[in-house]
Amino acid sequence: MTKTAEKVLLKGNHAIAKAAINAGCQCYFGYPITPQNEIGEFLSVEMPARGRVFLQAESEVAAINMLLGAASTGTKAMTSSSSLAIALMQEGISYIAADNIPAVVVSVMRAGPALGYIFPSQGDYFQTVKGGGNGDYKTLTLAPATVQEMIDYTYKAFYLAQKYRTIVFLLADGLLGQMMEPAVLYDYPYEEIDNSDWALDGAKGRPGRWIGSIHRSEEVLEKKVLELFKKYDIIKQNEIEYKTLYAEDAEILITAFGSVARIAQAAVKQAREAGLKVGLFRPITLWPFPEKELYKFATGKKLILDIEMNMGQMLEDVKMSVSGQAKVEFYGRPAGFYFTPEELLEEIKKQMEGLK
Amino acid sequence: METLVFQKPSSIQKDCNVTFCPGCDHGVAIRIIAELLDELNLVEKTIVVSSIGCSVFLNDYYNLDIIEAPHGRALAVATGVKRSKPDKFVFTYQGDGDFASIGLGESMHGLSRGEKVTAICINNTNYGMTGGQMAPTTIIGQKTTTTINGRDPNLQGYPIKICEMASICDGAAFVARCSLDSSKEIENTKKMIKKAFESQINNQGASLIEILSTCPTNWKLSPQEAHKRIREELYPVFPLGIYKDKTSK
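Chains V and Y supply the protein sequences, listed in that same order. With the numbering used here as the guide, the letters of the first sequence map in order to residues 1 to 356. With the numbering used here as the guide, the letters of the second sequence map in order to residues 357 to 605.
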């Protein structure tokens, strides 16, 4: 395959859709919900044009279960949705996790609770990272902050899903989904993972395979969950990703993810220009959360300021990671008002005053 | 010299431990499906979608590739399997509660889309695994653990007619209701399932076989009485027959 890369002007949702095609996604199942409709609309044309599957499901409940079916055959497949509709998928997500099968779920968050509205929000950190389905399982969660990263992390989501046979979330928000900016679209950079030792394709010349979650013996069920968590330990060891900016010598360290991290980055630069020792710690994998890394950077800081477009969700992981090594404050707005760098700079100055 | 005159179908597990209650028809349904997989040479290309209820333990009986669907979602899971692997043979095995209560949406949409899959729905007019509660198919007057005075249409409404509903789905190629209450009906059920399987093989659309089946434990009847009940009480409400056949057109 020839390596190609082109600079394009792209909307965030289209970036996800194009990257999914490049990643070799063979099946897309989805149900309309704003602010992610561009993904399904784009794929409804481009998937059939390549002999691949686009299917508009009758509900999000059906969509996640179609994804479960396609994933069980080892096929690269995805769904995309938003907030209240991701809520409807939680049972299926738990099954996919328990079944050790690879699937990609794109979540473009809107403001809640309940119907809320289509404004950008980060109100589904808990829903995604802490799960909403039943039982002990984890969802590997990647949080992009730019249209370029929508491409980068869609690729990575497909790769990690296949590599670990697990469900991977790409957690964006309405701001990122609807935003248009230049990005480089390049070929899928990861190796293909062989799935011939587990995928369902008809028991030809081998015993039948069963993919399921019911185990009628306590010993077997416990063993299955422990095995799942052994896999999660390996993911924790290998896949934690985060970025920092001026984090070493900062007095105040901001923690933020996704689109807010990008706005915070601008605020941090402005603060530095004003001579204020402010830094940024941005988790990219929300699960696994960069606990040890944040602990290290937080130690010795005067203040950790967690900023989110919600009422304080990642805040709990931040506090747990900081483990009392520094004071933690929170600044957030719950529904639709995204921040400006100036607003954040003002908050940073206010917090600095408070430290005196 | 011994002559082998009878053997297990090839897709039935060796030494399988059957956990169905005595007199339950599930075992017969599972067996005749396995016979057809051999007869139609489908064993090595089959992916089965199991469901929630007494139908969940298919992996204890079948030596086939099986994916377990969440409760009611078998047709959605089957859609994902078949769309991703169109050359495979895909059937669901579900109870009436799974198919027609919690899963009615997925069932009707799967049939309407004409998914090239076959749904086998075991209708025993109650939730067997959970102890015999009212099902969507519980008939008027039938006593269950949640209708102890009998199903009252003023309180619990009327039973769902699965084949009648399925027959109006344009995507359905073959829809039939049959029974396992006698060897004659078992033979007929096998014929109906065969027609459904063939409609899938010939890419004619979705197919559904509803099978009236016994649940002696929860009906509190002997196996013989349970089969008698099917003939006397269920036939009038759920008439046997072919409800849709687009296979010859």
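One or more of the hints may lead you astray.
Stated by the list, open to error - Stretches of chain Y that chain V covers, calculated by requiring three or more beta carbons in the stretch to come under 8 Å of a beta carbon on chain V:
| hint | region |
| --- | --- |
| 1 | 438-449 |
| 2 | 459-471 |
| 3 | 477-489 |
| 4 | 573-581 |
These are calculated hints, taken from the structure and not from any lab test. Every value quoted in this text rests on a predicted model; they were computed, and no experiment measured them. Note that CB positions come from ideal geometry on N, CA and C, so glycine has one too.
Do the hints match the structure? See the list:
By the rule of at least three residues with a Cβ nearer than 8 Å to a Cβ of chain V, the coverage given for the region 438-449 of chain Y holds, with 6 such residues. A stretch counts as covered by a chain when three or more of its residues have a beta carbon under 8 Å from one of that chain; for the region 459-471 of chain Y and chain V the count is 3, and the coverage holds. Look at the region 477-489 of chain Y against chain V: 0 of its residues bring a Cβ nearer than 8 Å to a Cβ of that chain, fewer than three, so the hint is violated. Counting residues of the region 573-581 of chain Y whose CB lies closer than 8 Å to any CB of chain V gives 0, so the stated coverage by that chain is violated, three being the minimum.
When each numbered hint is compared with the structure, violations occur for hints 3 and 4.
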